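> Chain by chain, the residues run as shown.
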Amino acid sequence: METFWDTFKRHGVSRRDFLKFATTITGMMGLAPTMIPEVVRAMETKPRVPVIWIHGLECTCCSESFIRSATPLASDVVLSMISLEYDDTLSAAAGEPLEEHRKKIMKEYWGNYILAVEGNPPLGEDGMYCIVAGKPFLEHLKESAEGAKAIIAWGSCASWGCVQAAKPNPTTAVPVDKVITNKPIIKVPGCPPIAEVMTGVVMYLVLFDRIPPLDSQGRPKMFYGNRIHDTCYRRAFFNAGQFVERFDDENAKKGWCLYKVGCRGPTTYNQCGSIRWYNGLSYPIQAGHGCIGCAEKDFWDNGPFYQRLTSIPVPKQEADADKVGAAVAAAAVGGAIIHGVASKIRNSGKKE
Amino acid sequence: MKRVVVDPVTRIEGHLRIELIVDEKTGKVKDAVSAGTMWRGIELILRGRDPRDAWAFAQRICGVCTSIHAYASVRCVEDALGIRIPKNANYIRNIMYGTLQAHDHTVHFYHLHALDWVSPVEALKADPVATAALQNKLLEKYGGIAELMPDPLGHRAYPRKFPKATPGYFRAFQEKIKKLVESGQLGIFAAHWWDHPDYKLLPPEVHLMAVAHYLNMLDVQRELFIPQVVFGGKNPHPHYIVGGMMCSISMDDMNAPINAEKLAVVEDAIYTQAEAVNLFYLVDLLAIGHIYVQKGWTYGGGLAKKRVLGYGEFPDEPYDDIKGGDYHNKILYHSNGVVEDFALGVDKAKYYPMVGKDFTDPEVIQEFVAHSWYKYPDESKGLHPWEGITEPNYTGPKEGTKTHWKYLDEQGKYSWLKSPRWRGKPCEVGPLARYIITYTAVKQGHIKPSWMDELIVNQIDTVSKVLGVPPHVWLPTTVGRTAARGLEAQVGVAANLYFFKKLIDNIKAGDTAVANMEKWEPEKWPKEAKGVGITEAPRGALGHWVIIKDGKIENYQCVVPTTWNGSPRDPMGGQGAFEECMKDTVVKVPEKPVEVLKGIHSFDPCLACSTHLYDTEGNEIVEVKVQGGIPAC
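As they're listed, the protein sequences go chains A and B. Sequential numbering of the first sequence, starting at 1, is according to the UniProt record's numbering. Sequential numbering of the second sequence, starting at 1, is according to the UniProt record's numbering.
Accuracy of the hints is not assured; some may be wrong.
What the hints assert, rightly or not - The calculated BS3-like cross-link candidates involving lysine-lysine, where the alpha carbons are at most 25 angstroms apart (straight line), are:
#1 B:K87 to B:K398
#2 A:K178 to A:K135
#3 B:K2 to A:K135
#4 B:K178 to A:K254
#5 B:K549 to B:K519
#6 B:K200 to B:K295
#7 A:K135 to B:K330
#8 A:K183 to A:K221
#9 A:K142 to B:K402
#10 B:K125 to B:K178
#11 A:K103 to B:K402
#12 A:K20 to B:K176
#13 B:K178 to A:K9
No lab work stands behind these hints, which were simulated from the structure alone. Keep in mind that this is a model prediction, so the values were computed, not measured.
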């Protein structure tokens, strides 16, 4: 099969631009510059990986987010890096021919395709709260997972259940890992996840042919290793005890910390503070709204959103930043424990 | 008669199945069945929560027309609590809304709809030099449409991104497609009916032009949403607050959410929207639509010919309430009404306005469940959203098993969508509906047209001149529905320029307030309050209804565009717009119903929006039947 470098050459991309691209995505994936040669080598030797992208109960915000990726551009990912063979939102084909195509790809690339899951399966009414091609989505999920080499659980729906699983969860919606237990699952939470986090995960999988190091909850450590609070541009105001007391007050105009109006930045693991949205343009806190914690498990039921977190100690004026940092970290245990996931994705090699 | 099933219908949001009953001799679709095949229960989840949080939950109804449910939600809570938002918040919300129209329509046309009209396979046959020449010719022929758009800011000297009408540009994209085809991994283009005769209607150069723009726009579309990211912090799912906006304005502080630098970013993005819509979208649309109409392709009008409904949008200045009627005194886009029989000609069409009281009148908007998987005590009657009952009642298909369908039962229940009706009658909603209503209201003299209404009338008259047919002939068709969406994207951009100027002028005059926090605390609320929040989602009329009791949500309901358009039959036999548009269509190859896909896609269906659970009104949540007994996570 053709390698990335072959594809780039065919598209008239110069060696120089190719190397520039490899350097950018190395940084994107949170890797040290010393890894650049490995990324280049990987891109010179890896073929386009087939991807089947299926949709359960969801709102399609993950797909919408994905196509907003700027580095790398989503179009490059879809047309040059991966081969998106099945996607409810983007596939030209519909109905039976598309279902047949999915089965054909599964057979042809058994053990070698990636399954991307957006949304989640409901278990209520024998799965008939989400029906695809006249069958429960649950069945599609299990069938498509069978020959996949890895599964990406896109967004908070696939990762945790998200809004439809919020109390009282009328459809008994469950996250993907509740029904698929024998495959590596990479959780990429967020409602939606940041576009560059999504393409970064795809690039890692495709280039290194292994799943990225995951934390104890199954999230790639490179993207979910820090709380939003850790890299927030308003953190200095938190440390200095300078807070917005009410939306649109004088302090809000100065861009002070939003903790007192309910910000969940101190307990939310994601890259909003560093990668931000739209290629670094902004993120909710920058626009003046507290983080609602959309990448965290069951965040819908941790509300109301405008109630401040009581477990986070609020520093007094000019408080000691180190002390505050340590206290905050202690209050939000659980996310950063290293998980010993096998570094190589095993090729199951099974055939039906 | 042949029964053809298309499931899943792709390039939409969510899950949809269609079944066609086709007369093989004539190719005419005799009857059609459309079924929403997912269900989530968001209104149930909203009960008992803080109404100030509702926007975030409701917003997750849809991540495609992202922000519109949040918009309807904050409006409905503000309507209930009697909150008037500041001027700046009104202008900013309007810009976020106009941005949604510009982006959502553009992405719909290129990435969800274009491949029904144009083909990458045909594009390979084109000559890039001839394509560049054609693009220039088309810009000359149809480019005048751009001049209809007023530019009160007048800041942009020349286009920066478009149009790229050079042979090199088209050759590069053709190469890209060629290599993709040669690689054997067709990806998103795989397995489609590219051999369908409809793809031969256009010359190869038009195919190459449109497919190149499909690929190019995939990269550009992200920039169109920038105003939402600046004002709302992210996209999809930008943030809002009840009482206005949270993005405080300061011209003196670099840390302020909105300052001079951020406003410059917004202005630049609005001009990018203008270029994308005026010089790409509208020209491609007119070129393709013109050829199709000339070749007699005027199917798919369906329900639009009989009855359309809209709510109105773009309040020029802050208003006091919706249910009292003040909102409709302030709007610029007068699509608030119902029009019947537009296909007979604009003079013969019947016009009924929709104002405040119509949204609280229990007889005006009702929902039926006779053919939906829900139970009512009396299924021959409809219920106003405030009185709605939902008791899930899944009954399975006509043929097949409970979990493995063959054919659905159109005589019985067959969809997770309910059937909203206006005075008991089905209506089409969406850009086409809005255009028909505004046009009729202006031409029949029911309203004093705003600058926005005038723009819409000018657009329709200009396109009628280009096509050489009157509006009542070309508008209520699949092509007309697709065209109205493109024209409305231009209205969205025009609104952005207009409200951006108002925002700047207001800040200049010393007003920087973005939020009214007087009634933020629940202790300042009445013990019980009811509210209506209406807007026009890109896909059509959207309404949220809330009842707040003791500071919590007692009841929350949404009646959404795709529920109107995609609804199953009602007990009186009325069919929704999807089903009616299919019945109006002839398919050349029954096994490959591209014509029907065109029709369905022209509505830009959003099934996640339309398949949500309504009020249980007294039914305990635990009564929702769950089989398998696996606990929620």
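> Please go over all the hints and tell whether each is borne out by the structure.
Checked hints:
Distance check on the hinted pair: K87 of chain B and K398 of chain B sit about 55 angstroms apart at the alpha-carbon level, beyond 25 angstroms; violated. A hinted pair counts as satisfied when its Cα atoms are at most 25 angstroms apart, and K178 of chain A with K135 of chain A qualifies at roughly 19 angstroms. Only pairs whose Cα atoms come within 25 angstroms are accepted, and K2 of chain B paired with K135 of chain A is accepted, the gap being roughly 22 angstroms. For the suggested pair K178 of chain B and K254 of chain A, the alpha carbons sit about 54 angstroms apart, so the restraint of at most 25 angstroms is broken.
At roughly 15 angstroms between alpha-carbon atoms, K549 of chain B and K519 of chain B fall within 25 angstroms of each other, so this suggested pair holds. Restraint check for K200 of chain B and K295 of chain B: the C-alpha separation of about 12 angstroms stays at or below 25 angstroms, so the hint holds. Taken as a hint, the K135 of chain A and K330 of chain B pair is broken in the structure, with Cα atoms around 48 angstroms apart against an allowance of 25 angstroms. The hinted pair formed by K183 of chain A and K221 of chain A meets the criterion: a straight-line CA distance of about 19 angstroms does not exceed 25 angstroms.
For the given pair, K142 of chain A sits about 18 angstroms from K402 of chain B by alpha-carbon distance, which is consistent with the 25 angstroms threshold. As the CA atoms of K125 of chain B and K178 of chain B are separated by approximately 10 angstroms, the hinted pair is consistent with the 25 angstroms bound. Note on K103 of chain A and K402 of chain B: the hinted pairing holds, with a Cα-Cα distance of about 23 angstroms set against a maximum of 25 angstroms. Under the criterion of a C-alpha separation no larger than 25 angstroms, the hint pairing K20 of chain A with K176 of chain B is consistent with the structure, at around 21 angstroms.
With a C-alpha separation of about 14 angstroms, the suggested pairing of K178 of chain B with K9 of chain A holds against the 25 angstroms cut-off.
The earlier numbered hints that this structure contradicts are 1, 4, 7.
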